[in-house]
Amino acid sequence: MSTQTHPRQVRRRLSPGRYGVYAILLLLAVFAIGPILLFAFNALKTQSQLAASPLGLPLHPQWHNFVDAWQQANMGVGLRNSAIVVTATAVGVCVISGSAAYALSRLRVPGSNFFIFYLLVTASLPIQLFLVPLFYTWTNLGLYDNLFGLVIIYWAIFSPFATLLIRSFMVALPKEYEEAARLDGAGDLRVLLQVVLPMAWPGFLTAALIAGLQSYNEFMLAVTFIQSSDKMPVSTSFFSFQSGYTQNYTLISAGGLIMVIPVLIAFLLLQRRFIEGYTSSGMTG
Numbered sequence: 001m002s003t004q005t006h007p008r009q010v011r012r013r014l015s016p017g018r019y020g021v022y023a024i025l026l027l028l029a030v031f032a033i034g035p036i037l038l039f040a041f042n043a044l045k046t047q048s049q050l051a052a053s054p055l056g057l058p059l060h061p062q063w064h065n066f067v068d069a070w071q072q073a074n075m076g077v078g079l080r081n082s083a084i085v086v087t088a089t090a091v092g093v094c095v096i097s098g099s100a101a102y103a104l105s106r107l108r109v110p111g112s113n114f115f116i117f118y119l120l121v122t123a124s125l126p127i128q129l130f131l132v133p134l135f136y137t138w139t140n141l142g143l144y145d146n147l148f149g150l151v152i153i154y155w156a157i158f159s160p161f162a163t164l165l166i167r168s169f170m171v172a173l174p175k176e177y178e179e180a181a182r183l184d185g186a187g188d189l190r191v192l193l194q195v196v197l198p199m200a201w202p203g204f205l206t207a208a209l210i211a212g213l214q215s216y217n218e219f220m221l222a223v224t225f226i227q228s229s230d231k232m233p234v235s236t237s238f239f240s241f242q243s244g245y246t247q248n249y250t251l252i253s254a255g256g257l258i259m260v261i262p263v264l265i266a267f268l269l270l271q272r273r274f275i276e277g278y279t280s281s282g283m284t285g
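Per the working numbering, the sequence shown starts with residue 1, numbered consecutively.
Hints listed in this document are in silico derivations from the structure and should not be mistaken for laboratory results. One should not assume that every hint holds.
As the list claims (entries may be wrong) - Listed next, with one range per pair, are the computed distances between beta-carbon atoms:
hint, residue 1, residue 2, range
1, 38, 189, 50 to 56 Å
2, 223, 31, 27 to 33 Å
3, 132, 55, 39 to 45 Å
4, 135, 28, 39 to 45 Å
Quick reminder that beta carbons are idealized off the backbone N, C-alpha and C, glycines included.
All chains should be built: construct the whole structure from the sequences, respecting the hints.
Here's what the structure looks like:
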């Protein structure tokens, strides 16, 4: 039994424009994956091979570069410290921003428009403006060279944007469920935890992912406020590969690849939730 194909379907399937779209998507994929592959190739070379052919394939893979990078930069301790910082930052930002977003979206806060404008301004200010006074303040408070002190700074700089992001979710939520819960005698905290939070969890997840990734990749504050080698996050471990005016770029590539792998795995597992939450929040313009 023969099947007939609609002429419009044939034209759509053979449309040259579709090939152009596929070609653009392929170029974007190469643009995204290419640097990671080049990073991996360089990590498997010797210094002489890297100097002779920086863009070529490794002829004799040097797998021991990963072991040397792990040991020399103390990557295990760095990853442990980064895991602590990322977890504490993500949880703290969700608590701070979630509470502020609930107040700005559901409670009658005097001057709420001013606070929203204030969050917009603070989210755009560079942290370098406050680096010197913050350094002296943290030294006097005993928070210098302390992971908790670094986490507090991350809470301050990542919470404004997260508050606006979560608030955009809460504004779009129907209020009927909250009104029903209040009729049953629920207070503001119970409404937030049992009614609003389950409906706005994509916003909290998106805010946690953004804050976690930013704190994982952040370098300037980490290298300024953390000096002890046993407290350094993984983003500052690359100093171990520098000796005087020379650098071992193969070990830098190996260490960088070790640093990228956890973030890459986390993003691949949560990319759909992240993209859906970010686009549905209304913060993309």
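Comparing the hints with the structure gives:
no.: 1; hint: 38 - 189: 50 to 56 Å; result: 51 Å, holds
no.: 2; hint: 223 - 31: 27 to 33 Å; result: 29 Å, holds
no.: 3; hint: 132 - 55: 39 to 45 Å; result: 42 Å, holds
no.: 4; hint: 135 - 28: 39 to 45 Å; result: 41 Å, holds
Checked against the numbered hints given earlier, the structure satisfies every one of them.
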